[in-house]
Amino acid sequence: MLGVCYYPEHWPRERWAEDARRMRELGLTYVRVGEFSWSRVEPREGHLEFEWLDTAIETLGREGLKVVLGTPTPTPPKWLVDKHPDVLAYDVQGRVRRFGSRRHYSFSSRSYLEHSRRIVSLFARRYGNNPHVAGWQVDNEYGCHDTTRSYGPEDLRAFREWLRARYGDVGALNAAWGNVFWSMEYQSFEEVELPNLTVTEANPSHWLDFYRFSSEQVAAYNRAQVEILRAHSPGRFIAHNFMGYTPDFDHFKLAEDLDVASWDSYPLGFTDMDVLPVSQQDKLRYARTGHPDMAAFHHDLYRGVKPRWWVMEQQPGPVNWAAHNPSPAPGMVRLWTWEAFAHGAEVVSYFRWRQFPQAQEQFHAGLNRPDFRPDVGYFEAEQVARELGALELPPTHPAPVALVFDYEADWLYRAQPQGQEFSYRDLAWTFYQALRSLGLDVDFVRPGGSLQGYRLVVVPSTPIVREETLEALRSAQAAVVLGPRTGSKTESLGIPPELPPGPLQALLPVKVVRVESLRPGVDFEVEWEGGRYRSSVWREWVETALEPIGNFADGKGAIFQNNNLRYLAFWPTREFLAAYLGRLAGSLGLRAHPLPEGLRLRRRGDLTFAFNYAPHPQAVPAPEGAEFVLGGPTVDAYGVSAWRRT
Amino acid sequence: MLGVCYYPEHWPRERWAEDARRMRELGLTYVRVGEFSWSRVEPREGHLEFEWLDTAIETLGREGLKVVLGTPTPTPPKWLVDKHPDVLAYDVQGRVRRFGSRRHYSFSSRSYLEHSRRIVSLFARRYGNNPHVAGWQVDNEYGCHDTTRSYGPEDLRAFREWLRARYGDVGALNAAWGNVFWSMEYQSFEEVELPNLTVTEANPSHWLDFYRFSSEQVAAYNRAQVEILRAHSPGRFIAHNFMGYTPDFDHFKLAEDLDVASWDSYPLGFTDMDVLPVSQQDKLRYARTGHPDMAAFHHDLYRGVKPRWWVMEQQPGPVNWAAHNPSPAPGMVRLWTWEAFAHGAEVVSYFRWRQFPQAQEQFHAGLNRPDFRPDVGYFEAEQVARELGALELPPTHPAPVALVFDYEADWLYRAQPQGQEFSYRDLAWTFYQALRSLGLDVDFVRPGGSLQGYRLVVVPSTPIVREETLEALRSAQAAVVLGPRTGSKTESLGIPPELPPGPLQALLPVKVVRVESLRPGVDFEVEWEGGRYRSSVWREWVETALEPIGNFADGKGAIFQNNNLRYLAFWPTREFLAAYLGRLAGSLGLRAHPLPEGLRLRRRGDLTFAFNYAPHPQAVPAPEGAEFVLGGPTVDAYGVSAWRRT
Amino acid sequence: MLGVCYYPEHWPRERWAEDARRMRELGLTYVRVGEFSWSRVEPREGHLEFEWLDTAIETLGREGLKVVLGTPTPTPPKWLVDKHPDVLAYDVQGRVRRFGSRRHYSFSSRSYLEHSRRIVSLFARRYGNNPHVAGWQVDNEYGCHDTTRSYGPEDLRAFREWLRARYGDVGALNAAWGNVFWSMEYQSFEEVELPNLTVTEANPSHWLDFYRFSSEQVAAYNRAQVEILRAHSPGRFIAHNFMGYTPDFDHFKLAEDLDVASWDSYPLGFTDMDVLPVSQQDKLRYARTGHPDMAAFHHDLYRGVKPRWWVMEQQPGPVNWAAHNPSPAPGMVRLWTWEAFAHGAEVVSYFRWRQFPQAQEQFHAGLNRPDFRPDVGYFEAEQVARELGALELPPTHPAPVALVFDYEADWLYRAQPQGQEFSYRDLAWTFYQALRSLGLDVDFVRPGGSLQGYRLVVVPSTPIVREETLEALRSAQAAVVLGPRTGSKTESLGIPPELPPGPLQALLPVKVVRVESLRPGVDFEVEWEGGRYRSSVWREWVETALEPIGNFADGKGAIFQNNNLRYLAFWPTREFLAAYLGRLAGSLGLRAHPLPEGLRLRRRGDLTFAFNYAPHPQAVPAPEGAEFVLGGPTVDAYGVSAWRRT
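Protein chains in written order, with our numbering: chain C, 1 to 646; chain H, 647 to 1292; chain L, 1293 to 1938.
Isolated chain C, as found in the complex (with noise of 0.2 Å):
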C-alpha cells in the first residue's frame, strides 16, 4: 500500500478537499497528518484550536483515506519553551540549544515530560476513537540532528538517578567502572558528573554508562506516550518513524512498545553525507540513485527491529538538507518504492504532498510542485499504484542469513575506539555490503536473538557476550562468522579476567593476548585458502591450541573455527569477506555470487526482485522460462525486474 504525508496546516482550507480526491485518484490508502502542529492546535498555553484538525481528519476521511496521526511532541510551541526553559537540551560543549528549529527538548526534562503527556492526552482523548484515524505516530525521528543525548541539569539529575538504581551502592559504581585508576571515586551519587568536557577523555564506562542511560530516557519517553495512546485510542496500531543509522538508542528496545517500526528513507541525501559510509568513487556514480545497499541494509534493520514495518518518508525528488541535493535518476522513485515491497514493507508512505515553500525546508520535493502541479514523483508513484493493483505481493519469509546487529557495540566503540578507524557502523555496513555484493538476503537479529532455522550467521562484532546470547549461539545450527573484539567486554567494559572473547571460549577456546590499531597505510596480510588479502586498522594477537584455518604473514593465526564457530582475528575487509562468505555460503548450499556494479537481488515469497542502480541496463540472473510480473530478463537503467520461483 502507499501513502503520503500531510500539511493540512500549509494549505488554504479550501484545497483540501480537492487534496483529498487526487490522493484517492492516485491510489493512495494512508495520510499522515499532525506531528508538527503543536502551534496551531495549542497556540497559547490551554487554549486549543482543534477545529481545524478535525476538519482536515474528516475530509481526508471522507475521500476513504486512512489517517496516521503524529503526536505533535517533535516541536513544542515557543511559549512553553519560554515558560519552562529546562525543556531544553544541553550540546556536548555544555551549550543550550535553543528555540527556532525542531527537537528542541531534552528527553529528561521533567517539565516536558509533563506537557508531552498532556498534549497527547489531549489529541488521544479527542481522536483515539476517531474512524478515520487508522493509527498513531509517536513524536517524529528521535535522535535526529544529535539529540539523543543533552549535556544539561536536567540530564544530569536524572544520570544519577539511573546510576543509583543501577548501582544501588556508590561503591559498587566506583568498582565497576574502575575508578581506583586516576582517583576517579565517587562517595556518593550526588558527586557523578556528566561525561563531557573533562580535561582529558573520560573513563568509557563513564561514557557507555551515560549512552546507556540516554537511550533508555529515549525509550521511557517513547513509552509514556504509548501508554496514554493505548488507554484511548484501542485498535489503532502505534509506530514511531526512525531515522537512516541512528545508533544513538536501541531501536530493537524501544519498538518492544510499538505495532509498527517505519523509517525516512532518503537514500540521496544518505549517500551524500556518509550516514553509512561511501567510497568518494560511490559518492559520484550513485549520486542520482544512492549507494544500492543504503536503503536496503535500513530496510533489513527495521524489518528486524519489527515485523511490521514500513517507509513512513520516501524521498520524492530532490531534498534540501544535504550538502548537495541532486535530482533522482529517472525511474528512482519508483525503484526505491518497489525495492521496499520487496523487503517486506507493508506501506510506502511518500514525504510529502506538496512542497511548501517557505521554511527550512522549501527546496524539499514532494508528489505535487508548489505552483500545485504534479512533479515528476507524482508520476512514478501512479506507475506503483498502477503496478501493485495488478501483482499480489507474497509474505515476506525469513531470510537464510542473519546478521547480529549490536546498538550496544556502536555505543562501546565510540566510548573506546582504541583505533581510530575502528567504527561499529563502518564494520556492520562492510559484512552487509559484502552478503548482498553476493545476492544473499539478509535478517537483522538483535544480540541474544534467536538464530534458530539461518544457515549463516554474521556478528560483525558484539563486545559484550551475555548468557542469552551466548545460548544462542550455543543452540545455532548454522555456520557462524565473529568478527575482531567479540566478547572483549564485561559488562561494564572492562577486560574479562579470562582476556577476550572472555565467555566465548566455552565454545570457541581462544584467548586474545594483544591487540593493535594501525594508522590507514600500515596494513598486514591474512592467507587463507591460498589467497592473500591485505588490511589494517585491527589486528590481535590469539593463544589457543586450535590450528588456525588462516594466517597473517608471521605465521600467527588469523582465522580460527572450533564446530560452527569461526572467529576473524582482524579487520576484514568487503573484499575479504565477499570471498570468505561466498565460499562458506557456497559451501552451506546457498546460491552466492558476485553481482554485477549496480545490481541487487531480494526475494520475497516466491518473487525474487532484481534492481538496477546502474545508466545502463543489464541482464538479470533469472532462470530460464522465469515468468516476468515486473520488466523482463533484461533489466533497465534504473529499472526494476521481477519474477516468479519456477
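One or more of the hints may lead you astray.
[What the hints assert, rightly or not] To be clear about the criterion: a stretch of chain L counts as covered by chain H if any three or more of its residues have a C-beta under 8 Å from a C-beta of chain H, and this derived list gives those stretches:
1. 1464-1472
2. 1494-1508
3. 1806-1819
[What the hints assert, rightly or not] From the structure, some residues in chain H lie toward chain C, with a derived Cβ separation under 10 Å:
4. Trp828
5. Asn842
6. Leu843
7. Thr846
8. Ala848
9. Gln1064
10. Glu1162
11. Leu1164
It is worth saying that the hints were derived from the structure and are not from the lab.
Note that the structure is predicted; figures quoted are calculated from it, not measured.
Idealized CB from N, CA, C, for every residue including glycine.
Dock chains H and L against chain C, hints included.
Same frame as chain C, now just chains H and L:
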C-alpha cells in the same frame, strides 16, 4: 594624488616635524590620523587630552599637508568597556568577544552609541573647522573580523525592535517566514530569538532578516556619526574605509551617507586568505603580486558604491595578518598605485608612514622602516609621485559593461545555499574574472540601479527581483545575461507562487520547476553554438515555450533568450563565461579578446593602461603609433604601460 | 638500573608480595608508587587511610626494592573539587575543564595550592624517613593535556599580580607592550584581561607575558611541594616525570628545584601523534618502532635539563592514547631501553607492572598481562637486565656538539608566527635530525648556558638575546650556527631599535631589514659552495658590509659569517643542514658521515652504541677489531650493537 596613514601617537613628538617635511618632499597630499587614538585623547572618562592631536595636525598642516581625521570609535578604551560591558559583541557561538584588540563593540549597544556620539561630537567641535582638516573618516573598516553580526542581549533587543518596525504584527512575521512549519510560530515579538545555536538549521527567512537587520545597524551607527560631523564640520568630505570583500552589510546603502568611498587594498594578503577565492595554482603564481583581478574587482566595486573613491590604505610591503606574508615583487607597489588611478581612484594613500615595532602589526611594513630609514615602498611611491606630476589624469567615464552586484544575494545564499558550493561571492567573482580576462572594463551597479548606456549587463544572480530591478531591466538597451537563481525568491525568501524566476517571467517567459545541487565531480555538459562545456554545482529544469539557445546533454534547455534578456539555467564556469560573454560582446561591437596570463587592461578617459602581473615582459595590445605616456609597447615584469587613444 | 611503575591500589592485597618477589627476580631496582592515590589515602576530607600504602611500601621494601613515592596531586578527589570549584582550570574557549579524568586543576588556584601543601606534608611526614623510600616524584606529567595554561578567574587574578610584580607601574606595561596601538592602554593592572577570546588576535606581547606567567606558575607550584619534601625527607632525591615535547613551561627553570629529571618515553604514540612532526612516509615506515630520533631528542633534552636523569615511564607494548596504537616490533622494548642508557640515563623504569583491565588506560600494556601472565615486554626487560648485569656502563661525557634550546622561543613564535609554518619545535627538530643523521652526539644547552668545550654549536633560533647569551657566544670557541630570527626581538617582543639581530650585531654586523613568510610551494633557492638548495617558509633581506658565503637566487646574501659566528637568513631544510653542518663538522675534525636509513649511533664513555630501527640487518660503522660488548658488526633488525673504542 597620494596620501599616507600616520600615527603621531606612536612616535616621539620631536619626530613629527621631520616626518611632515619628508611627507611633503615625497609628494604626498593627504595624511590620515586619529582613528585609533581614543585612549590617548580620553585616557580616563571625561579626562580629555587633545593638545597632542592639536599639535600633530598643526605640524602636518604647516607643511601644506591635508588631514583626514578618523573618528576613534573602532577602539573604545578599556575604562569604557569596563563601565559598560554591554558594549561588547557576542560571537555566533554565544561567547563575549573581549577587549584586547579592536572592533570590540556591537552596533546595537545603546551605551556604545551614546559614547560614540559623545566622542565624535568632541572631535567634530574641536576640529570641524580646523583649516588643515580636509575631511573625515568615520570609524575604521566596518565589519572587519566578522564584527557586523553580534549575538548578545543588546542585539536580540534591537532585532526584536527592528522586526516590530518591519512587520507591525507578529502574525505578519509568522506568515512571511512560514513559521507554521515546525510550529515555529511566535505569539509576540518578545518571543523571537536570534537564529544562532538552534538544534538544527534555523529558518532561512529568520537568518535573512537577521542579516538585513545587522546590515542596517551598521548603516544606522554610521549615520549617527555622520550627522554630528555634518553639523559641526561644514565643507569637509566624509569617508569610510571599507575592506576587501566584506559583504555582511550593504555598502551601497551605507555609502548614501558618505561623500567618498574608500577601501583598504592588500592584494597579497587577500590572495593568500581567499578574500576572493584563488586556485592553489594561482596562489603560488601570484603570491608576490596578488591575483591580477583582486584589486581591480574592488576598485570597480567601490567606484560603483560612490563615484568619488580612494584607496585609503595601500599595501606598501609585507604585512602581518595573513597566514603567509610574502614581500611584494619589485615594482608592485607602483603597479598597484597606478592600477587604482586607472580604475578612477581620486587618492591612493599608503598604510603607513612608518612600521611601528610593537603590538599586533609590528611586521606590517610602512613607507619607512622602524629604524627611520626609507623602505622599498618609499622609493616606489616616490616614482609614482614623479610620474603623476608629469601626467594629467583624464576623468573616468562609464564602462561599456555593467555587473549588477547584490549584497542581499550574498546573505540569502549564505542563509540557504541549498548546495555547499553555491556562493554568491564565487559566482560574482567568476563573472568578473571572465569579463576582465577579455579586456573589458566593468562598472558595478546595485540592483535597481540604472542600466542606461551599457551595452552589456551581467547579473550573476539576484534572487529577489523587486519592482525597481524589473523596471531597470525592462528599460535596458543592453544585452542582459542573468545567472541561475535570479528571481527565485520572494521578499521573505520564499519560493514565488508562480515559481522562479518569479516576476521576471513577465520579461522572460521561463519557469524553473526543479533545481539540483551537485557534489564536485558530479558534472553535466552544456552545449552551445557547437561547443561543449562541463559544469557542476547547480542545474535547473525549465518549462517554457521558448526554444533554448543552449542545451544540457539530456536535451533539456540550458540557456534561454527572449529579446535582449538571456538566462543561464546552471552554474557557469569561468571558461564558459569567457567563451559566451566574449562572443556576445563581440556581437555587440565591443573589443573582447582573451588577454595573456597576467596581463590586464583598463581605460580611463582617452588613456589605456596595461598592467603586467607576470614575471616576464609582455607585449601590450596597443594600436600602432600609440602615444605611450608610461612605459612602452612591451611592459616589464610587474610593470605598467599607458598610451593615449589616437 | 631498571625500575617499574606499580599501583598496589589496583590489585588485591594478596598479590602484593608475589608481585614484589617477581619484580626482584626480574632484576628491577626501583618501584614508583602513589602518584594517583589521593582518593585512597583521603577518601573524605581529613579522613586518612595510609595503612594500605604503609603495607605496600613495606612489602616492596622487604624484597629490597627502592620506592619512588609520587605526591598524589595530579588527581585531586571529587570531594575536594566540589568543595573548592575554583580548583578547576578553564580552557582557552572559556569553559571549565571538569572532573572525570586527571590534571583537573589550575596552577593558580589558591585553594589547590593550600590543599596540595597539606597532602604533600602528610605524605612527607609519614614517609620522609621511611628506609624503603629512596626518592620522590612531584605530581605527574606537568602540562599534559594542555594544562599549563588556564583561563579562569583565579588565573586572571594571579596574572594581574604577576604583571604588577614585573612592571610595577601600569605605564611601564603599556610602554613595553606598545599598547598605544589600537588604544589598548590600561589605566591600572585591574583592567588587564587574559589574552584569549579577543575579537581579533591579541597583542603578541600580551600573549608572551601570559605564557611566561603560566610557565612560572608551574615552577612555583612545584617549588611549594619541593620545599615541604626537602624539609621532611632528608637524603632523598626529588624528581618529576616530564612528557614528550611539552614546551609550555621552561623545564630548565623548573628543574633547578629538582635533583633528577625524568621523562616518559612512548616512541610509538609520539610518532603517531606528531609530538615531534613526522612525515607521512616516516609514520608508516616507523609505525612499530617510533621515529629513530624521537626518543633520542628527548634523552638529550632532559640530560641538558639535569645531568641526573631517568626514563620514568618506558613504553612496554601497545598503548591506548594515540589515534593508532600498534604493537612494537619484536625487540623494540629492549632497543629503547638500551638507547636510554646509551644517552646517559641512570634508570629506565617501565610503565607499568601490570595492565589494569579497567578505566581509561585498560588498553595500555604493562610488563604483565591483566591475566597475571608475563607479556612480551617482560621478556625483553629480562634480557636487558641480564645484559646490564654483564656490563659496567661508563660515565657520560659532554658531546662535541651543542644545540641551544630555548623554551621562550617556542612561546614567542606561537604568539607571533608571522608565517603559518614557522614553528620553533619544527626548527629545533630539523637541526637535531640533521646532526643525528650525521652520527653526531648532541648536548642541549639553555640560552645563556656555557658553551665552553663544544666544537660546534647550533642555535636553531633564539629571538631574545640577553646579555648572558651574548656573553656565552662571545666566549665560545666553537663554530656557531645561528638560525633565522635569532636576535630579532626585544625583551617585550618588540623589534629592536637597531633592527634584528639586535644586540648580536656587536658580534655579527648584519642588519635584517625585511622578512617574508611563504606558503608551501612558494620557494626560493640558496646557493652555497656550488650546491643549490630549495627552501620555503621564511626568508630575510640583510644589509651588511660582509661578503655573504651563500646567496639567494636573486643574488642577495643568505648565509653570513663573522669570525666563528654564522647566520642563516632563511628557514633551513634538513637536507641543507645535513650538507652544511656535515661539511662544517668535518672542517672542525668531527666525524660526520650520513648514516643509512634507520641506523643511529651514540657514544657513552668509551662505548659506541648502534641502534637499528630498520626491518633488516645493517652493518655498523665500527672500526676493525672493535670489541663488541653487545651484538656484533651487523646489527639485527630492531637490534643493538655496542663496541668499545680501541
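- Hint numbers not upheld by this structure, sorted from lowest to highest: Violated: none.
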